[in-house]
Structures are given as structure tokens and as C-alpha cells.
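Undergrad: Spelled out from the first residue to the last, the chains are:
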Amino acid sequence: MSNGNARWRSAAGQILPRVIAIGALLLAWWATTASGLFSESVLPSPGAVLQAFADSFVTPDPPRESILQAAQASLIRLVVGLSIGIVVGTIIGLAMATWVSVQRSVGSLMAGLQALPSISWLPLAIIWFGLSERAVLFVVIIAAIPAVAIASASSIRLVPPLLVRAGRTLGARRWVLQRHVVLPAAVPGYVAGLQSAWALAWRALMAGELISTGGKGLGHLLDANRQLFLVSRIFAVMLMIIIVGMGVEALFGIWDRRIRAKRGLLVAT
Amino acid sequence: MRTERSLVAVPEAGAGRPKLSARGVSKTFRNARGGTVSALGEVNLDIAEGEFVCLIGPSGCGKTTLLNLFAGLDRPDAGEILMSGAPVTQPGPDRTVLFQEPALFPWLSVQANVEFALKLIGVPSDERPDRAMHWLRRVHLGRFANAQPHELSGGMRSRAALARALACQPEVLLADEPFAALDAQTREILQAELQEVWLETRNTFVFVTHNVREAVFLADRVVLMSAPPGSFVAEHRISAPRPREYEDVLLTKVVVDIHEHLLKEVEKVVEREREMA
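Residue numbers (the working numbering), protein chains in the order written: chain P, 1 to 269; chain Z, 270 to 546.
A hint or two may mislead.
Examples of chain Z residues lying across from chain P (beta carbon under 7 Å, computed) [claimed, not checked]:
#	residue
1	Ala340
2	Pro360
3	Gly361
4	Val366
5	Ala372
6	Pro375
7	Ala386
8	Leu389
9	His419
One side only, chain P facing chain Z, incomplete, derived with CB under 8 Å [said to hold, decoys possible]:
#	residue
10	Arg165
11	Pro184
12	Lys262
13	Gly264
What the hints contain is simulated information worked out from the structure, not anything from laboratory work. Think of the CB as a built atom: it goes at the ideal place given N, C-alpha and C, for glycine as much as any other residue.
Chain Z with its partners taken away, still in its complex shape:
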């Protein structure tokens, strides 16, 4: 039976101190006309150590805003972001981010990009080449270490960005739709590779996506956000064992459930936009 508990126990939220948490966090942005747009209502979220959480919701629901707050790239208007109990005030390599675009430095070779990350966490220069190659091989880019980023395909660039992020050995990995720009096939391959790597590294992972299949395939927990201003409306625990298969029937059932829920939220957004128009 596939319904038995997953091979590795999913950590329960609230068991011990959460790795990452948002406490009463809200965020408002100023628009061009001087008005204010509430991007994030008051949200509370606890993420346990080693947990893989996917944030999903209609566009404009504040998923990216919340991720930027976790990253320390932005500060909340109210409430606080805590990492291992300490307030997050600035970005750091303990919370590396995978952006929508790979964001590789175009003047550095693929290997030099990874070595730069190693340098920033204080790895001595004689150890950097080996460690960079280790991560590049891990994402099947060993042969392209000397290439410049623009010489790689989109999928390979995403892999390089993943290698650079993993090389920091972050406690928390934050991802903002990192595969959104890729074609469907490449995307599936990268999701499978990500699952494989993550099963070894087990970083705490917050993954923003608007793709329900991707979320269900990867996550221990899928958190559904509402139409803006964003807040949490539902939560699904995915306890299917890993490694998971894309065609898993049980996963597909969950996908349909979440999809229905998400559709309602998207409809709310569309209705509101029609009223405004």
C-alpha cells in the first residue's frame, strides 16, 4: 500500500523550535500613484528543520514577498521573521535564494561562480576548486565547469545556480519559481534532480511556485495562499514516500484537490480585476 507513512518522518510543525518562522508578518508597498498596495496580510508560518514547504497561490498573492522577507532582502512592516529563534535582519549565505532567473554572474565561468560563493563563506582558496567541482558534478555540470553562463542552455543555467546555492551549504534554501522559465520536459527532469539532491542534503526548503504538480511532487507540505492581500487559506501535508514518481496516482489525487482550491482563489482575483476595470 502507498498510504503508509513516508520513509522519513515528516517533521510536525511545532515539534521543537521551528527553523524558520513568520510571526504576524505583513507588508505593504507604495505604487507609482502614491497609493498603497497590501501585498501580504498578517501571516503566521512555522517551518520545521529539514522540512520542504511549497508556497502556492494566484499571482500577486505575496508568495514572492514572503520569500524575500525570509531571505532578508526586504523588511516586514509589522511582525517578525525568525530563523532558529533569532530575528532575520539581512540576507546571508545561511539562507541562499534561487531566483526566477539563474542570476549567475556573467563575467565569471560556471566554476568561478560557485567558487565565489565558497569564498564568501570563508572556504580557503586551495579548497575551492575541488569543492566547486563536487557540486557541479552533483548537478551533472562537471564537463561545463569552464563555460561562461551564456554558453549554457536554460536548464543548465538553472543547474549551475542550484550548484552555487548548495555550495554555500545553507541551512535554509529559498526558491522563487526557479524552473518557471523552462520548458515542461526540462522542468520535470530538474524537479527529479532537485528531489534527488535534497534527499542527500536535507536543507530546510521554502519553494514558491504556481505549479501545483511541482509543489505536490516536491513538498512535505503545500501551503495555499489567498487572493491578495495574501494570507494562508489551506495546508496539505504530502506524506507520500520518496523518491516520488511524477506519475504517482496518489499524488495526482492531491494535485486535483489543491488545483480546485487554487482555482477558486484565482477566480476571486479575476472577478476583482473585472470589477476594477
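Okay, chain P solo, but in the shape it has when bound:
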């Protein structure tokens, strides 16, 4: 009984601050719009945005697509682009961890690439691939590759030497040592790297869709609503971007926590 009570209290302690923060934001927003300082067409009220959000599911927006179709299109692009980025980035990262020469050459290229916001590749991508799906995908992939490569290389470099020594004294060598000791030991660092890679890819995707016309997607829907001056619809799409983003973030978070819990790396909060 007291145990259940304590659990309820700790759950309340986690949720309550969030509820208060969101409530305060909504209240301030509502107060601003209710004051009549701004016209409804420039800053719609929370209620109007909620209405627009609901509407955008039911009736297709003026430009061809509903918000669900747009979210689906964006998610597919994210999954395809991120997958390619992860595969290529992991291969580069493994090569960096294996050969010092690759680390010095390609590694510094990756660091440089990471300093360049991936959206700045879009003009080139449009010239190379046209205003197409491929141009946006290219930007997503180029966003993910350096993050994944650097994370996988450093997660391998940071494997505790003691575990490698233990593996060697048990008789593990070369490929067996890599496959059964080094790679599993590197997994937590690698997953943390994927978490930052997906966030970079998601930002790149939204920016790419926003700029590159044609095709569906949440970024594109944002731009279409801007052209029609549907401010509450713009807010509705932004809300959808947050929801999809938090959903993907939660999936990675669950994966990450599961791996760390199994190894006793989870710090109790």
C-alpha cells in the first residue's frame, strides 16, 4: 500500500513539473491573444490552433495533402535517409577505429563536415539532383554520416582496455575479439551517437523540405500554408513536427535505456 503510494508520488513528481510548464505557456499564449494586441490572423489563439490541428486531419489542406500524409512522407524520408546515413557512417567509423591513417585522413574530413550545417549542401544538391526527392535525401544522409562515423569510431576507442585484456587472456583474438568483446562493449556509446544523428537528420529533413519545393512532407506543408497565409495551420504543422520528433526521440530513448539498464549503467534519478 505504502509502496504503491510512493510509486504514485514519484510518478506525480515526474509529470507535475511538465504539466505546470506547458500550462503556464498555454496560459501566457491565451492571455496574449485574448488581450487583442495581435490580430487572430497573425497570432491565433491556442483554441484556434487546436481546431486547425484537428481540421488538418479531416479535410485535406488546400495544397493536395492532409497532415497525416505529410507526416508519413516525412517519416519515410527520415527512415530511408537515416538508414543510409547510419550504414555509410558506421562503415566509415569502423574504418577510422581500425586504421590510424583513416582516422587521420577521413576522420578530419568528418570533423569538418560536422562543422558545416548540412542544409548548406542543398543548393548543390538541387543543381546535382534537381528539385527532387533525391536532393532532400542527400541532405539528410550528409547530416547523419559524420555524426554516426565519429560516434562509432570514438565508442570503439573508448572501450575499457581491461575488457579487451580479459578477452585476450581468455583466448579471443582478431575477429573473435572484435566481434565478441570490442563491438558489444562499444554499443552504449554507439547508440548515444545514433541519438544525436537522428536529431541532426530530422532538422536537415525539415529544412530541406521547407526549401525544396515539390513532393509531400511536413516541411513542405509548412511552406504551403505560409503561401496561403494560414497561420493557425502553420502552428498545427509545427505541433505535428514536435509530436513526430518526440515520438522518434522516445523510441531511441527506450532503446538506449534498455541497453544501459542491462549493463547497470543507468544512473537512478
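We have chain P already, so just place chain Z on it with the hints.
TA: Then chain Z, alone, in the frame of chain P:
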């Protein structure tokens, strides 16, 4: 009388070919400022098959360095390490190591850790679970086979590491202060358990420690190393019968002797550090 010969004859060094030997071995390390530190002077040591040798000495005397050389984790600058007469060039499951930390693989359950060791020595997969459980029960961890290493106490983790090392059925077991991080009570219990298991398996054992009581309790022979660069300064044969008791008066006498000797070496180190400061 307790002074009679031990129940099992202590093998004399030099009787037949030694199991493990260091011949004129020395090792120097480079420090961060580019200078060199001599970790191990020229040392010679022969260890007979089935012998339990404890290496003891002040910190920095090269005990761990020597152990790593025996393990094949490091190569000597001069001289050679021989196992059954053949030069040691790399680590292998015939010379398993118990490290200062248990070094269990955190992504594997306790049983899977032991099974991994069995897999590496070529045990077929259908035999691994039974053999892993055999060793885990042997160290009283049968009920914790499915636990993850981080769920165990420090003493239980040390037991798991011992089970994993024994499962390799190594000819030589090397231990580098495996119980140093444990509290005194747990430590004594584990020493007694180790003695019990070893009386069955009789692996050749090289055990590094800075704890004189531990060394005297476990060893056939205690080798005392000097202040760095390490070399051997004294050797004590402990012929008390096994199983030994921790409170054995005769053992306590030996402990006092060795302790005095060790203290002199430690003082040398402290003096040198003061001069340098």
C-alpha cells in the same frame, strides 16, 4: 606437531622442467615526459608445475609488470618468458588471468560470461551450459547464473571471475590482487574458498598481492620483491599443511618475518620519494 611436512609435497624448484619461468627478464616503460622508468630489473624465477607462488612487494616493484609478462599481455625488453619450455608470445586460455577488477563482460549474464570462455577453448555449444553451471556452483553462484554482473556484490563478482577463469581449465592461473577491492571479511572468505578449489584443481598459480597474510595463507612459496626497479630479495617456503586455518600460529610467525622484511623495502621506497620531492 605442525612442523611436519605438508600433506602434499611442495614441488622443489628445479626438480624437472619448470612449468613457468622468467629468464633474465627486464622491462622499462616510457613515462609521459619521454623519460624511461625501469619497472623490472633483471629477474629469474622458476615455478614448478602445481606450485602456488605469491609475489609480494612494495607498490611499483614490478609485480604486476611481471604478471603481465607471464600472461603474454606484454613483452619483455630483455630475457624470455617460458611456459613448459616454450617462449610465451601472446596471451592464451592456458594462462588465464584474474585481474584487480573482475573484468566480467557487462552485456552478458554471469553464466554467459563463463560460457564465452568455454566457447573460446572449443567446448561444443550443447556442453557449455552444464559445464558453466558446474563451475558456478563450485564458487557458490549457482543461483545467480542468470544475473547480470552489475546485480552482484563485489565478492560475488570476484567469484564469477574465478569461475570463468577456472572454466578454461588453465594450466597456469595468474592473479593480480584479485581480492584487493573487497572488504576484509569477504576477502578472508574468498581466500578460504580459493584454497578449497585449488586443492582440487591444483593449477600452477602465480598470485600477486601486497597483503602478507593473504600470501602466507595461500602460497607454497612467497617471493619478496625489492623497491623498484623490482628484483627478488627473499623467498619463503611455506610448508604448513593444507587446508590451512587463518589463525594458524605458525603462519602468523611467518607473516611477522615477511612483514619486517617487506617494511624495509617499503621504507626504501618512501625515502627515495622524499629525496625526489
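Undergrad: Mind checking the CB of P:Gly264 against every CB in chain Z and telling me if the closest is under 8 Å?
TA: 2 Å, holds
Undergrad: Using the nearest Cβ pair, does Z:Pro360 come within less than 7 Å of chain P?
TA: 4 Å, holds
Undergrad: Is the hint on Z:Ala340 kept, meaning its closest Cβ partner in chain P is under 7 Å away?
TA: With a minimum Cβ separation of about 6 Å from chain P (threshold 7 Å), the hint on Z:Ala340 holds.
Undergrad: Min Cβ distance, P:Arg165 to chain Z: is it shorter than 8 Å?
TA: 6 Å, holds
Undergrad: Please check whether P:Lys262 passes as an interface residue: C-beta within 8 Å of a C-beta belonging to chain Z.
TA: 6 Å, holds
Undergrad: Grab the minimum C-beta distance from Z:Leu389 to chain P and call the hint holds if it beats 7 Å, violated otherwise.
TA: Hint on Z:Leu389: holds, closest Cβ of chain P at ~4 Å, below 7 Å.
Undergrad: Does the nearest C-beta of chain P fall within a distance shorter than 7 Å of the C-beta of Z:His419?
TA: 2 Å, holds
Undergrad: So, as I understand it, the hint says Z:Ala372 touches chain P; can you test that by seeing if any CB pair is closer than 7 Å?
TA: 4 Å, holds
Undergrad: Could you check if Z:Pro375 really has its C-beta closer than 7 Å to a C-beta on chain P?
TA: Given a least distance of 4 Å, the restraint on Z:Pro375 holds.
Undergrad: If you take the shortest Cβ to Cβ gap from Z:Val366 to chain P, is it below 7 Å?
TA: 4 Å, holds
Undergrad: Against chain Z, run the beta carbon of P:Pro184 and see if the smallest gap drops under 8 Å.
TA: With Cβ-Cβ at 5 Å, under 8 Å, it holds.
Undergrad: Using 7 Å as the Cβ threshold, decide whether Z:Ala386 counts as touching chain P.
TA: Holds - the Cβ of Z:Ala386 comes within 7 Å of chain P, reaching about 5 Å at its closest.
Of the hints listed earlier, there is not a single one the structure fails to meet.
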